[in-house]
Structures are given as C-alpha cells and as structure tokens.
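Protein sequence lines, in the order shown, are assigned to chains A and B.
Read in order, the letters of the first sequence are residues 1 to 292 in the working numbering.
Read in order, the letters of the second sequence are residues 1001 to 1386 in the working numbering.
Just so you know, the hints here were simulated from the structure itself, not pulled from any lab data.
Nothing here was measured: the structure is a model prediction, and the numbers come from that model.
For each residue, glycine too, the CB sits at the ideal point set by N, CA and C.
A few of these clues could be false.
[As the list claims (entries may be wrong)] Here chain A is said to cover these stretches of chain B; the calculated rule only asks that three of the stretch's residues, wherever they fall, bring their Cβ under 8 Å from a Cβ of chain A: (1) 1030-1039; (2) 1044-1055; (3) 1189-1196.
[Unchecked claim] Pair ranges (Cβ atoms, derived): (4) P145(A) <-> E1197(B): 57 to 63 Å; (5) S18(A) <-> T1120(B): 50 to 56 Å; (6) E275(A) <-> T1185(B): 55 to 61 Å; (7) L1009(B) <-> S151(A): 27 to 33 Å.
[What the hints assert, rightly or not] With a straight-line Cα cutoff of 27 Å, these simulated DSS-like cross-link-like pairs (lysine-lysine) come out: (8) K1255(B) <-> K197(A); (9) K197(A) <-> K93(A); (10) K69(A) <-> K1325(B).
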Amino acid sequence: MLNVVDDTVNPVEPFLRSDRMPHIWCPGCGIGTTVNSFARALIDSKIDLESLALVSGIGCTGRVAGYVKLDSFHTTHGRAIPFATGLKLANPKLNVVVYSGDGDLSAIGGNHLIHAARRNIDLKVICVNNLIYAMTGGQTAPTTPGHAITSTNPYGTFEPAFNLPHLVEAAGAVYVARWTTFHVRQLARSISEAFQKKGFSFIEVISPCPTLYQRRNKMGDGLDTMKYYKEKSKVKNGAPTSEVGLTLNGEIAVGKFVDRDRPDYQSMMRAQYVESLGDRYIEEPEMECVCG
Amino acid sequence: MKADPNGVLTGTHFLDGDHACCEGALAAGARFAAGYPITPSTEIVERFAARVPTVGGSFIQMEDELAASIALQGGVWGGAKAFTVTSGPGFSLMMEHIGYAAMTETPCVFVDVQRGGPSTGLPTLPAQADMMQARWGSHGDYEIIALCPNSPQECFDLTIKAFNLSEEFRVPVMFMMDEVVGHMTEKVVIPPADQIEVVPRKHTRKSVEDYLPYGTNGDMVPEIAHAGEGYKFHVTGLTHDERGYPNMTPQTQDKLVKRLQNKIRSAADRICMFEEDRLENADVVVVSYGITSRVAQRAIDLAYERGLKVGKLRLITAWPFPDKKIVELAAHVKAFVVPELNLGQMVREVERAAAGKAKTYPVPHAGGGVHNPEEILNVIAEASRC
C-alpha cells in the first residue's frame, strides 16, 4: 500500500502519472481540483487500486483517464458508460469509475447515461459540469443555463437545460449528489460514499471554465468563480431533484439528493439465471481461459 | 491451445448460418457479447443469450449499436473474448468503434449479416454491398481482416478463425455474412473440443515494471494486459506512444499508423485464404465470395460443360485482398469475371490487382436476391471470346 504519511510528498501524487505532467487544463479550470478530491476519496476509502479502472469519454474532463495511475481508458465521445458497462460485466470484481464531462455524458452520451441508470449497472459516474463544451471552444451544451453566452449562442442560449440530478434519479440512479469545485472535502466524501454503494451512482461537480464560460459571461476568473460558488451554493441534502436546476447567476443547490438501494444489474442477472437455469447456470469465471 | 469443451456443442447438427456462427463464437471462447437487434443477424445473439449463461459468460442487449460496439471492447479489456453482430444500418453506426478497436488494438469480432441497402434498404433480403465499408468505413488509415463464409459449416469454422486472427494480430475482424448464408439451413459438423485450435490472447508475461503496453519486439503486435491485473496501463484512441500515452506529433503518428497497417499487410500471404479449382488451363477465372460463390459454381459447371476453359477463385478472406494471387493469374488468363451482390465493389480490387494484364468483367446485382447462374454464364461466355 501507499505511504501517505510522508509529508514531503503530496498525498495525491502516487495516484497520478507524474511523467505526464504538466496537464493540459487551463489556469483556473476546476477539473484538476476534482481529481484531487477523487484521489483523496481513494485514500479515505482504502480502495484496492489494482481493482479500480477509470473510463473517460472525450473532452477536457475526458483527459482525466490519461493522468491517473490506474487502469484507464480514454474511449470515444459519449461512450465511456457503455465501455465501462462491458468492462464491469466481463470482470465483475472491478470497481469501475466513469469520469467525464457534461457534454460527453449528457449530450452525445445521454442515451447511455439514462440506460445505465435504468439498469442500475454498478458504475460510479463523476460528471464534471462546466456548463459548456470547453475542449472545442465553448459551444452550448445541454447543461448551459438559459441566457448564457456561448460561441454557438452568441446572443444568449434559449434552450432549456438538463437538470442532471433530476434526470438520473428519474432513470434509476441509487446515489445522486452535486457539489462545486469549492466543496473539495464534501466532494471527496461523496465519492467515498459512492464506493460503498452497489449500483449506479452519479456525482455532478459544477466546475469553472474561466477561459470560455466565465470570460464570455463576464463572471471573472477562477478565484471569482470560487467566491461565487461559496456565496451562491446552498447545501440541500435530500432536496427533491426536480428543484435543483441551475440558472445563470442563481443559487446552486448542492448536497446528497438521492441515497437509496435497489438491486444492481448483475445481481438481478444472476438471480434470474439461478431461478431459470438452476445448476445449469455457470457464473462468469475469472476470465483467465483466454490467455495461453 | 485447444477449445474450452464447455462451449463446444460437438456433434452433427442441422443449423442455419446465424446459429452456426454463434456456435463458432462459443467454440472460439467468446464469453461476452453486446448487441442490438437487427434483421437478419439477431438470431446469432438470441442463441448466444440462451447458451452463454450455461457456459460461463454474459450477453447484454445495449441501447443502440454505438453502445454495443464499444461495450464489447470494454469486455475485451476486462479479459473476455467478445463480439457483436449487426447488419447494414447497425454496421454504419459501429464504424467509429471499428476505428477505436483498430487504434487501440483491441482483439474482437464484428459480424455483419449483409442485407440490401443503402439506408434501411431490404431488411430481410441479401446483399454483399458492405464489403468496401468493412474495409474503409471508419476514418483514418487502418487495416482490418474480413472473412466471407459461404455456408453454415463455414459460419462455424470461420467464426473460430475470425476470433483466432483477431487475437493473433490484435485487430478487429469483420465477419461478412449475407442474409442467405445467415438463414440457410444445412448440415454443420462441430468437432470435439480437442480438435479445435484456439489462439489465446497475446497476454504479456512481463512484470509491471517492464511492461510497455504498445511496445513491440519486432513482430509488430504488442502484448496485452487486462484491467485489474496491476499493470495500471492507459488506452486511448488518440495517437499514442509505446507507453500508451497520447503523443500528437507527426513522428508518433507515422510510426503508429504505419505499424497498424504493416502488421496486417506484411502478413497478408499468411492471412489470405481462398478456394481454387481448374485454374491451370483457365482462360477465364470467376472470382466470387459468400453466397454468390455458390451461384457462381453452377455457372462455372455449365460453362465447363460447354467446353469453356473456366476456373474458380473463391475469396474466403476479402481483406486483406489477395493481390498476389490475382497478379499471378493475370499473367496467364484472359479475363476475370466478378459476380457480387452489389454494383461493383470487390471487382475494383480485382481490376486494380490485374493492372490491365487481364480484362475484368463485373456481374453486378443490386441485391434482394441472388444472381441467376445464366447471367454469370453469359458473362463467362463473353469473356471467353475476348
């Protein structure tokens, strides 16, 4: 195990691929902050790192997979969840984390998001929501609040935005929380809690993109955004998710909104096979037979 | 290594091509499939869904073909041999993930039971019009392998071969069936497991410290590790170096993409399979594949009865294309006749490889049925007079 007592080493460093630093994220970007909380959650939950795989899609947050010292998969745009689904089914012993952005998970990957929640596949999804497409230059996302200026809505957005906690709760997630990058300890705690859950867990992290979102909307820099998050966030544990939608300058409801139990996909699958096939059912073996 | 007897339904069966393909996959060691229903391929995964819980594995019906074609790759990196099955419209949706499999060198099999297109086309009727899509459908430069069975027995035998090739070369293999081969029922002999050769995954034996995920030792095919084994490797569809790290320079691109291409091209002679008959004294060679090869056989027999010097070259491997064989033949035959259930796809390859040394006669068919042997016979006769 890791020696995290040595205070000459940043405690999260062992979780990172130091040989890949510096990372590509902009000054003031919140994604690195979320990775810090994620690493702290790994320390706190004492999870076996060898059993942990991280899957990302495409975009700024999609790059997380490249920086963590884990089995990591940088997949195609929107498809982190179905890739993770296959990974988990083939090797049920793995703890599988999906770490991606709002555009990747809720636009191009939106169908997979709701179906994974419906199936209650045992995945931990961390969705860094910067409210736009950042990697491609600040275009409107399904999460962009009304009236925000983006590169593809230069006069302000007018489409209604997704309320992601509400969406995934309705689809069946067993654990739903939201924090901002100001709430680093709360975020780490939520990630640790999600590791204790069996089933589809979803943690949304509201995160600044000073380069493209805050700048265009005259919301200041990274520090100004931290102040905004601090002032406007309101902890509302257990709040009805229908009431936690985001607006351009309004309150940000944060907290743990959903924590419930229902059987996960693989438990239901095994139960069904046992009921129907009895002794003829053979559980997935360790997948060693394919190697010579 | 030999097949796992658990998955092998040894015996003599009366099966259609779809079901035989499923049994081939199980015999090859496939223990995970992700699919989305589409005619005329669905029977393959329906059978797999019924069989796999009794041999140790799982099937999941995903929400679309994009999901199915990437879930199967998650399954591979989790340690399973995995595949998906589809037909034209679904195959179109899977193209991005065929590119991902090529780029990340994920061994896996895509079965396409071809139907008439474009678009929704003819859901229940045959075509062979996805042959170029199988080769070129995803963006960028890459190589794949494609096999074309012409009977339920070959659907069994060649599905095993498809998995074996995918493992040997760490490449996605396209299994190009057609609606008739998928739905025709014939005798299928499944041998005992100890007579079925299965290529194991090219898994690394290196220590965690020494393992280089995309390093090669001369043979161009890197060794693989699975998630959960402690290697803490990175896989990306971005251009990557030997560590698997993104490295977007022209130099890294050149090295990687050329290796992806050369690992198949340099082994083309070994990969290419074909069936030949009466080629020695032939004036005209009929080049065909899949269901069309069986119609062509009738035309060849009729032409032979008429005293025409006609030979047969049946492509079992469509990709890589057997250039060498066509070049050899072009030196001494007058013409190639190429019937196929499309308006001219593989015929372009024949023409390219023949390079003007022999004439090329397409026998196109827009799909929805098979050729009448007379149509092919007439073109053989015309080609014989050239």
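Hint check results:
1. Taking a C-beta to C-beta cut-off of 8 Å, the stretch 1030-1039 of chain B contributes 3 residues in contact with chain A, enough for the three needed, and the coverage statement holds.
2. Against chain A, the stretch 1044-1055 of chain B contributes 3 residues with a C-beta closer than 8 Å to a partner C-beta. That satisfies the three-residue criterion, and the hint holds.
3. Proximity of the stretch 1189-1196 of chain B to chain A, defined as three or more residues with a beta carbon under 8 Å from a beta carbon of that chain, is not established by the 0 residues found.
4. The beta-carbon spacing between P145(A) and E1197(B), approximately 60 Å, falls within the hinted interval of 57 to 63 Å.
5. A C-beta distance of roughly 52 Å is found between S18(A) and T1120(B), which places it inside the suggested range of 50 to 56 Å.
6. For the hinted restraint 55 to 61 Å between E275(A) and T1185(B), the CB-CB distance of approximately 32 Å leaves it violated.
7. Hint check: L1009(B) to S151(A), Cβ distance near 58 Å, so the stated range 27 to 33 Å is violated.
8. As the CA atoms of K1255(B) and K197(A) are separated by approximately 44 Å, the hinted pair breaks the 27 Å bound.
9. This hinted pair checks out: K197(A) and K93(A) have alpha carbons roughly 14 Å apart, not beyond 27 Å.
10. About 49 Å separates the Cα atoms of K69(A) and K1325(B), which puts this hinted pair outside 27 Å; it is violated.
In summary, the numbered hints that this structure violates are 3, 6, 7, 8, 10.
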